[in-house]
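Read top to bottom, the protein sequences are chains A and B.
For the first sequence, the residue numbers in the working numbering are 28 to 398.
For the second sequence, the residue numbers in the working numbering are 28 to 398.
By construction, these hints were calculated from the structure, which means they are not laboratory data.
Keep in mind that a hint or two might mislead.
[Said to hold, decoys possible] DEER-style ranges, computed between Cβ atoms:
no., chain 1, residue 1, chain 2, residue 2, range
1, A, A36, B, S170, 35 to 41 Å
2, A, R355, B, T211, 51 to 57 Å
3, B, E205, A, R356, 20 to 26 Å
4, B, T47, A, P240, 48 to 54 Å
5, B, G112, A, G325, 56 to 62 Å
6, B, E298, A, E146, 42 to 48 Å
Ideal Cβ positions, reconstructed from N, Cα and C, are used throughout, including at glycine.
This is what each chain is made of:
2 protein chains.
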Amino acid sequence: MSANRKPPAPAPLVAAVPTTTPFVAPEVLERTYGAPGMLRLGANESSFGPSPRAIAAMREEAPRNSWYGDPESYELRSALARRLGCSVENLIVGSGIDDLHSLVVRTFCAPGSTALETEGTYATFAYHVAAYGVRLRTVPYRSDGGVDVDALIDVARREQPKMIYLANPDNPSGTFVEPEAVATLRDALLPDQVLVLDEAYADFVPPEKLLQPLLDPQVIRMRTFSKAYGLAGARIGYAICDPQIVRTFQNIRQHFGINRNGQIAALASLEDDAFVRGVVDEVERGREDYYALAARHGLRSVRSLTNFVCIEIGTKAEANAFLEDLLRRGVFVRKPSAPPLDGYIRVTVGTPAERTKFAEIFAAARTPVRA
Amino acid sequence: MSANRKPPAPAPLVAAVPTTTPFVAPEVLERTYGAPGMLRLGANESSFGPSPRAIAAMREEAPRNSWYGDPESYELRSALARRLGCSVENLIVGSGIDDLHSLVVRTFCAPGSTALETEGTYATFAYHVAAYGVRLRTVPYRSDGGVDVDALIDVARREQPKMIYLANPDNPSGTFVEPEAVATLRDALLPDQVLVLDEAYADFVPPEKLLQPLLDPQVIRMRTFSKAYGLAGARIGYAICDPQIVRTFQNIRQHFGINRNGQIAALASLEDDAFVRGVVDEVERGREDYYALAARHGLRSVRSLTNFVCIEIGTKAEANAFLEDLLRRGVFVRKPSAPPLDGYIRVTVGTPAERTKFAEIFAAARTPVRA
Numbered sequence: 028m029s030a031n032r033k034p035p036a037p038a039p040l041v042a043a044v045p046t047t048t049p050f051v052a053p054e055v056l057e058r059t060y061g062a063p064g065m066l067r068l069g070a071n072e073s074s075f076g077p078s079p080r081a082i083a084a085m086r087e088e089a090p091r092n093s094w095y096g097d098p099e100s101y102e103l104r105s106a107l108a109r110r111l112g113c114s115v116e117n118l119i120v121g122s123g124i125d126d127l128h129s130l131v132v133r134t135f136c137a138p139g140s141t142a143l144e145t146e147g148t149y150a151t152f153a154y155h156v157a158a159y160g161v162r163l164r165t166v167p168y169r170s171d172g173g174v175d176v177d178a179l180i181d182v183a184r185r186e187q188p189k190m191i192y193l194a195n196p197d198n199p200s201g202t203f204v205e206p207e208a209v210a211t212l213r214d215a216l217l218p219d220q221v222l223v224l225d226e227a228y229a230d231f232v233p234p235e236k237l238l239q240p241l242l243d244p245q246v247i248r249m250r251t252f253s254k255a256y257g258l259a260g261a262r263i264g265y266a267i268c269d270p271q272i273v274r275t276f277q278n279i280r281q282h283f284g285i286n287r288n289g290q291i292a293a294l295a296s297l298e299d300d301a302f303v304r305g306v307v308d309e310v311e312r313g314r315e316d317y318y319a320l321a322a323r324h325g326l327r328s329v330r331s332l333t334n335f336v337c338i339e340i341g342t343k344a345e346a347n348a349f350l351e352d353l354l355r356r357g358v359f360v361r362k363p364s365a366p367p368l369d370g371y372i373r374v375t376v377g378t379p380a381e382r383t384k385f386a387e388i389f390a391a392a393r394t395p396v397r398a
Numbered sequence: 028m029s030a031n032r033k034p035p036a037p038a039p040l041v042a043a044v045p046t047t048t049p050f051v052a053p054e055v056l057e058r059t060y061g062a063p064g065m066l067r068l069g070a071n072e073s074s075f076g077p078s079p080r081a082i083a084a085m086r087e088e089a090p091r092n093s094w095y096g097d098p099e100s101y102e103l104r105s106a107l108a109r110r111l112g113c114s115v116e117n118l119i120v121g122s123g124i125d126d127l128h129s130l131v132v133r134t135f136c137a138p139g140s141t142a143l144e145t146e147g148t149y150a151t152f153a154y155h156v157a158a159y160g161v162r163l164r165t166v167p168y169r170s171d172g173g174v175d176v177d178a179l180i181d182v183a184r185r186e187q188p189k190m191i192y193l194a195n196p197d198n199p200s201g202t203f204v205e206p207e208a209v210a211t212l213r214d215a216l217l218p219d220q221v222l223v224l225d226e227a228y229a230d231f232v233p234p235e236k237l238l239q240p241l242l243d244p245q246v247i248r249m250r251t252f253s254k255a256y257g258l259a260g261a262r263i264g265y266a267i268c269d270p271q272i273v274r275t276f277q278n279i280r281q282h283f284g285i286n287r288n289g290q291i292a293a294l295a296s297l298e299d300d301a302f303v304r305g306v307v308d309e310v311e312r313g314r315e316d317y318y319a320l321a322a323r324h325g326l327r328s329v330r331s332l333t334n335f336v337c338i339e340i341g342t343k344a345e346a347n348a349f350l351e352d353l354l355r356r357g358v359f360v361r362k363p364s365a366p367p368l369d370g371y372i373r374v375t376v377g378t379p380a381e382r383t384k385f386a387e388i389f390a391a392a393r394t395p396v397r398a
């Protein structure tokens, strides 16, 4: 009987996966710190919300949550294809980019394969690399917080990893690799290598600064409605890649995994360019506010092409302590984990009111660590 | 340059996965048959929609789709734990049961492992088994359309598959295995075997007919808000299992994969028992309508403890042709793929108006195949 029974053992590969939580959520922090209603500037969610058209569409369709979403996301992919100038067959929709990270690692890496990235870049790619028993090779950021493309190319050639991950703009640094340098990396790929180009923040980048052409057989570009479109909770991301890769994904992906509300909202958002342009403009003003805030405190900040800014605090220990202090004061922000920005905090651009409040709490919490 | 480049090859295991679409969606059929607004009785979605409280909560929270959902689904798991009489640590939330199927196969089966199920049962478990390179062993249904528990036990002992899958009530047959028989299967498990007990339709079963106790170290029970709760599109399912298994899932699962709208809706639904009871009662009346419809046409039907009923048409070829005919007449239903019910169609319980319309179209489409 069950008294003597034990849970069966997982497969050896899964049993060997370390316990990692890529990101601690504000809800978890609120439970830990007992502070509901935190100033929520830590997850690069949009403080400007979804488009009013998306909100109206979600409200209108709320009773139809009883229907499964279209497993092919056909209307959404069609709208994206028209906008991007590619084919529906170049597009696959996932439950956010994280879902696509899992899919791409699973598809191309066998246990024992190697993936290459910048140490301390967006954590979820590395999380899935570990979870599939794949070896992670990293190179450090440059001393200015930029991605070191030369180092990526060097290791990609010498050690021949199956997959190279580049978040551009990068998270958590906010830095951007110019398209010429990305093209150099792309052109340096060995024939069987995949470049995962995570463009979660592409909407904040002037279009002429994005890698051309859109399509390359060895590049999988990932984009999302989580950031400029303000739909992080709706879990809608997509990959742009070769149709043959889409067909492979099709054989292993979760067919009914995309929630209907998210499809509806994304589709409605695509019809509201003016709203998204307004968000992008306001985010640019917000970045300037944060640069100015840092400067007023005699601190460095990192120029960003995203909806967040890294602000220098001091040493890694000082920045960690400062983050803790902000949490206790009801402010949720995060920070880079790796040098050279591990002495910085990362703060999402909020509304003007949120930025003012953040500046006040920042000033109150600030312990000068440099003269 | 890219002119000579080709998409990189997937890992061998993924390259070997066959192209399978577990279910063709009504949206796909509408595009194929050019008939928007089909009578949608094929995917066992609830025609009774979500609870009005869930609809109100989703509408209220629509602007907050810009926030990620809580990656721990803590409030929802807490509410479920209170209701079920278990601990939060016994629960994991997934983007529907399909997501949990993928997770459980990935966790326990290495490539080359074997999983056991009834031939023709819910297709998505087998889909994930194939997609992870796991061998599928099947036993047929009994001649009455019931799951053959004795045969499952026999093969489970002799061939020692890592995992045994039982959908109870079963989909697509609608049949139910009494709890005593499920307990016999559970008690026959070898020490390292996992019983995946897919209880997607448990809400339609009288509570005293569900397997006791709720928890067993070797049993992973899966439930969903997709059926009686009318939230298929919101993608919220959960597994009830040993905390050690939950911790293993935690190491490889998609942490921010659960959409916020779905969490909100599920939580609000749990506060509206009267609504769900009303749905369950109406579904029971609907099943009786379908039994009577079949009888009026001199056809057999299968007693069901779900929100759908299988109705006999004739041979497999005749049932396939009849299904096609219904599709052309604007009715979306599906049918079992395997004997003994491959000559039946499977129709979801609709509203009274939908049932009346279905009965009319059924009569018009019906070509007598038996005297």
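Hints, one by one, checked against the model:
1. A:A36 - B:S170: 35 to 41 Å: Holds, at about 37 Å.
2. A:R355 - B:T211: 51 to 57 Å: At roughly 56 Å between Cβ atoms, B:T211 and A:R355 fall inside 51 to 57 Å, so the hint holds.
3. B:E205 - A:R356: 20 to 26 Å: violated, 58 Å
4. B:T47 - A:P240: 48 to 54 Å: violated, 33 Å
5. B:G112 - A:G325: 56 to 62 Å: With a Cβ separation near 58 Å, B:G112 and A:G325 satisfy 56 to 62 Å, so the hint holds.
6. B:E298 - A:E146: 42 to 48 Å: holds, 46 Å
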